[in-house]
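Enquirer: Turn these sequences into a full structure, and let the hints steer you where they fit.
Residue numbers (this note's numbering), protein chains in the order written: chain A, 1 to 437; chain B, 1 to 208.
For the record, the hints were derived by calculation from the structure and aren't laboratory data. Using N, Cα and C, we set each Cβ at its ideal position, and we do this for glycine too. Be careful, since some hints might not be right.
Quick look at which bits of chain B chain A covers, simulated, 3 or more residues with Cβ under 8 Å [as the list claims (entries may be wrong)]:
| no. | region |
| --- | --- |
| 1 | 18-24 |
| 2 | 28-40 |
| 3 | 97-108 |
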Amino acid sequence: MPEVDTAGHPSSESVALLAQRARVGLWLSLTAMALFALVDPFVHPGLLGPLYAFKAFMVAVTFGLFRVLRRPATRLQAVTAVLLAVAVFSVGSAASGILTNDAATTPVLLVVLSMGTATLLPWGVYPQLAVQAIVIVCVMWNQWAIQGSAELSALPLALIISSFASVYAAHAAERSQRERERVEAAERELRARQHQVSIAHAARLSTLGGMAAGLAHEINQPLSAIVAYASGSARRIRDGDIGGPALLEVVDSFADEALRAGEILRRIRDFVRHREVARSRADLNALVREAVHFAEVEARELGIALRLALAPEPLAVEVDGIQVEQVILNLVRNGFEAMSDDDGAPREVSIETRSGDDGAVQLVVRDTGIGIPQAVAGRLFEPFFTTKRDGLGLGLPVSRSIIEAHGGLVWVSQNGARGAAFHIALPAARGTRDAAA
Amino acid sequence: MPPPEPTVFVVDDDRAMRESLSWLLDSVGLRVRSYATAADFLAEHDPAQPGCLVLDVRMPGMSGLDLQAELARRGVELPTIVITGHAEVSMAVRAVKAGAIDFIEKPFSDQLLLDRVRQALEVDLEAREVRRRREDARRRLATLTAREREVLNLVVAGKANKEVASALGVSPKTVEVHRAHVMSKMCVDSLAELIRITLLAGEIRENP
Chain A
1 MPEVDTAGHP SSESVALLAQ RARVGLWLSL TAMALFALVD PFVHPGLLGP
51 LYAFKAFMVA VTFGLFRVLR RPATRLQAVT AVLLAVAVFS VGSAASGILT
101 NDAATTPVLL VVLSMGTATL LPWGVYPQLA VQAIVIVCVM WNQWAIQGSA
151 ELSALPLALI ISSFASVYAA HAAERSQRER ERVEAAEREL RARQHQVSIA
201 HAARLSTLGG MAAGLAHEIN QPLSAIVAYA SGSARRIRDG DIGGPALLEV
251 VDSFADEALR AGEILRRIRD FVRHREVARS RADLNALVRE AVHFAEVEAR
301 ELGIALRLAL APEPLAVEVD GIQVEQVILN LVRNGFEAMS DDDGAPREVS
351 IETRSGDDGA VQLVVRDTGI GIPQAVAGRL FEPFFTTKRD GLGLGLPVSR
401 SIIEAHGGLV WVSQNGARGA AFHIALPAAR GTRDAAA
Chain B
1 MPPPEPTVFV VDDDRAMRES LSWLLDSVGL RVRSYATAAD FLAEHDPAQP
51 GCLVLDVRMP GMSGLDLQAE LARRGVELPT IVITGHAEVS MAVRAVKAGA
101 IDFIEKPFSD QLLLDRVRQA LEVDLEAREV RRRREDARRR LATLTARERE
151 VLNLVVAGKA NKEVASALGV SPKTVEVHRA HVMSKMCVDS LAELIRITLL
201 AGEIRENP
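Expert: Now the structure itself:
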């Protein structure tokens, strides 16, 4: 993405546009000068020497400015170059008019010049005001030198009206340019977001794939219970040794177990659904609990203790809940994998949440695994960098892009003597403090 | 005292699994006791109680495999049926290596489970009978004097009375008296029976 200045539009792009338009303006001016140069031998055959000298000077300045405008470093540089060109053309035109005793051509030429800069250059009101000042002074000088002050009465009014028109035109041109840039920036932002959403979705699918066996077991559990309840009931009914009320209680248990299986499927579906970015107010503690539902299946299988130390109060954040769950799940599963070498040491992953002092909420995932070797620490968040045999190397980069898209931070530290701690800070939702107070 | 009624011990951390298994086993008149953790089971288990164990391999804390190991360490021989989840062949293999007599994959048909449980209960009854007879034989062996043990060892090794007498440096007459005492203390009438009961007690040595 291009560099963005505080006014909200890409500065280097607008300078480039200004320079490009200014070069077009210089070519137009050169064409006009060429036309006058062709006509001069017929109209003012006696004054060709001085007239061509003026034109040669203006052409020399124009080519000098082409060089400057080929690659202007700053906006100020571009604007100064254009004002210099305007000044040289205006003075040249006024002087030529005085030389040929022509009071009609100069005002027309200079009004065309000022209207030209106003409509061609998206440079706002102030540079255009400078152009108007130069043009007015030059026209007045031209008129005064030829006709004297007595004839000037109607001219200032005409110049003021034309100035208003051109300043307004400059203002409108700049505004429409800014609007276009804003729309383009918004489109770029939207594309970047959609890209991030797709990557995050792919990473969720991959995460879920890794947990498929555990989740299948989790669904098998209620199914097995239903089968056992049902066959136990069938035997009793066949033997005629069960009454309605006793059976009713067991039927309720069937239903509970079927709902439980359905709930697991709902979680899976919600987790992998591809959808638009949807930020809403959520409690970070609730997101942790939802993510832990997935993780605890695996924890049980691996014999790892999963401990929660959540803040007692709700921690309101403005986030895409599924994406944040994805980050939590990813960090927890990384913790599991860091402890996969069973060397008899206690194996525990803990998740802590708390509200920070700086209007942020924090989440820490600690493990008691192998920790992070120095050689690896700097590359942890690089895409496609992995220390796992079957890892993609997307988990941490995707996690970081999600958290940063939410205006948060991710960092890693040692967890005391053993293991690693991954920290996340997210901005608290506005209005939390007031509600808590 | 009549032997206590065989009981199926269900150890599973999942409440619904425990309750539904109890409901199913109870429907065919089996006595069931269920436990949420391996530790609860160990704390309450009485080795004198006949029965079998229906065990979930995946449990937090002490896993099914850990429980099998602990029972083996304590010398408890309880026929064990391990229930495994989907596609956990490696875990099932480990469970069988650790002494499980069978494993069943979830979800299972009721008939399969009931057949396996009945089979396990029979195995347990037979094993208990063998153990009872072995204990009996050992108890009887313990009543023999040192000299009678020596005579027994030589006799079951296939030595004739004369050979025994010369090996021990006593008269054949004395050997005959010892031999008669051994037969009556061990409650047997023939040499064949004597060999069988001594084998059962696990007391035969290769070379006297």
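Enquirer: When the hints from earlier in the document are held up against this structure, which numbers fail?
Expert: Checked against the structure, the only hint that fails is number 2, while the rest are satisfied.
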